[in-house]
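*Asks:* Start from the sequences, fold in the hints, and give me the full structure.
Number of protein chains: 2
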Amino acid sequence: MFHLQVLGTSSAMPIPGRGTTAQVLTYNDKHYLIDCGEGTQTQMMRFKTKMHRLDALFISHLHGDHILGLPGLLSSFSLEGREKALKIYAPAAIKTLLDTVFQLTYSYLSYPIEIIPLEDFQVGNVVFETDSLEVRLLPLKHRIYCRGFLFKEINKKPKFDFYKAKALDIPNNYFHLLKLGNNITLEDGTFIQAEQVLNPPDLPKSFAYCSDTAFYPDLIPHIVGVNLLYHEATFANDQQKRAKETAHSTAEQAATIAQNAAVKQLLLGHFSARYKDLTPLWNEAKAIFPNTLLANDGETYPIND
Amino acid sequence: MFHLQVLGTSSAMPIPGRGTTAQVLTYNDKHYLIDCGEGTQTQMMRFKTKMHRLDALFISHLHGDHILGLPGLLSSFSLEGREKALKIYAPAAIKTLLDTVFQLTYSYLSYPIEIIPLEDFQVGNVVFETDSLEVRLLPLKHRIYCRGFLFKEINKKPKFDFYKAKALDIPNNYFHLLKLGNNITLEDGTFIQAEQVLNPPDLPKSFAYCSDTAFYPDLIPHIVGVNLLYHEATFANDQQKRAKETAHSTAEQAATIAQNAAVKQLLLGHFSARYKDLTPLWNEAKAIFPNTLLANDGETYPIND
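Sequence order for the protein chains is W and Y.
Straight run, no breaks: the first sequence in our numbering ends on number 742.
Straight run, no breaks: the second sequence in our numbering ends on number 742.
Where hints are given, some of them may not hold.
Each pair may be met inside one copy or between any two copies, as identical chains are not told apart.
To be verified - Here are the simulated DSS-like cross-link-like pairs (lysine-lysine), alpha carbons at most 30 Å apart as the crow flies:
hint, residue 1, residue 2
1, 532, 642
2, 485, 713
3, 521, 681
4, 521, 713
5, 521, 678
6, 678, 642
7, 601, 678
Don't read these hints as lab results, they were simulated from the structure.
*Replies:* Next up, the structure:
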């Protein structure tokens, strides 16, 4: 299970139907929150996100529309009795912000939080790792310090082929050994190598989160071939000048990045409140990169081949 | 026009259908925001509140569920180009909180804000005044410094009686002078005193906001006879012990305050998330004070006789 739930698709401020930025990435039984705009906890309840099971948080940058939901969310975890430690990968200054808010609002958390400053890492490097997933830092270009995140499967295991095993008359009770890569000798003396019943692993799947950023080709080599690229598309072509001034991207620029990085699928979000109808953004992106989706609040996107 | 729009009725954290505390009081063409929990700006959009026309903000205390929406709301005013200065009546430490958040999130407001510390005023005193409305500070009893607000009409004008004027054969072009309290002499020499065509003013109407607070009889003399009392009712009687520990009120305690202060109508809110069904709170309150309403997110309550 590898999928992304988008909780908010509005830039700068929420509008009816679009919250500010937050996404939950689920990989197997782990859940990771990426950015946390105001109202994220409400969106999680509305969209039935398993909010109390978050395993780690990733914060791209310290603009309000990406972090103002954090104090409330962390407090609510506390009210729900969370005890498990929570790691927050974020620009270092978030510690001052959280400390100040918690102190002045007399808030005490029921669980420890650990802040891991992104500034300690070079782009391209691994900031987080489990035995099956890693997160690398992506270079973005914004008005302030800002990083993207590449979530990628690692240590993919060869896949056991039931039919090959059956064809070799291997009894079921040997399957678990073979699945783990062990060679076996059957009771009749037949020697079976694990490779005989294992197929090569699937290619590792990956998701890249790129928000907020101006058009930034330096990003491309880091995200070549990803299965799903979320790239901000704050503006349509009518606002190219404003996109440049504010260090945001147009939908066409996001599609150009997707096209040059040969990603499998592009998901656009972080839309300016001026676009009630997003069709112009979609059309401009699809003209460059056909396999483009517009993100919807609450919708879940599978990350597959 | 004197009415209250409730934007959120949940305590501590939002739940589906109930935002955290925020209310907008409208008096004639002026709008005042009272408290500002996370997601207040989203609730304002959802409930079509005229958010960009707020004239002043009143903050009762610095718990997160009453203030975490403030940085986002103030930033959004800025994005919408507000220029008019905004006064915020709040505990003094809110300045440190806002300064820290705005500095660390690189936020600049397009308009000046002025923070008026509530600590500078004694309870019972006027903190804010227009030519037709005043706001006085109410004593509440909570775990931290916390004040309520009494909004009351002042300088009510005598009411011009059209029928009395017509009975005296006064031509219409004299009406505006009489309405302003001037005596007049008609062309035929008849002398008319303003009192002859003016009825006494209506009694001044008032609204009291009391959240958060433990059961606190010292409040009663300050709110005698108010037209609408909003009083927190976090718990039902099943949680009397918890109400005491957390310095909150039960619905029955809120009703007891309403009863002893002989208010006209009681509005309950700030409900604990544990009560999906609020009927027990309503029944317990109505047994003491029949004219009790349960606040609903988004609903508007007239303040009348």
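*Asks:* Up to 30 Å between alpha-carbons, please classify residue 601 paired with residue 678: within, between, both or neither.
*Replies:* neither (60 Å within a copy, 66 Å between copies)
*Asks:* For residue 521 vs residue 681, is the C-alpha pair at or below 30 Å within one copy, between two copies, both, or neither?
*Replies:* Cα proximity of residue 521 and residue 681: across copies only (29 Å, versus 42 Å in one copy).
*Asks:* With identical chains treated as interchangeable, where does the CA-CA distance between residue 521 and residue 713 reach 30 Å or less: within a copy, between copies, both, or neither?
*Replies:* between (41 Å within a copy, 27 Å between copies)
*Asks:* Treating 30 Å as the Cα threshold, decide for residue 521 and residue 678: within, between, both or neither.
*Replies:* Between copies, since 28 Å is at most 30 Å while 46 Å is not.
*Asks:* Could you place residue 485 and residue 713 in one of the four classes (within, between, both, neither) given a Cα distance threshold of 30 Å?
*Replies:* Result: close both inside a copy and across copies, 25 Å intra and 17 Å inter.
*Asks:* Between the shortest in-copy and the shortest cross-copy C-alpha distance, which are at most 30 Å for residue 678 and residue 642: within, between, both, or neither?
*Replies:* neither (35 Å within a copy, 53 Å between copies)
*Asks:* Please sort residue 532 with residue 642 into within, between, both or neither, judging by C-alpha distance up to 30 Å.
*Replies:* neither (32 Å within a copy, 47 Å between copies)
In this structure, the earlier hints numbered 1, 6, 7 are contradicted, and the remaining ones agree with it.
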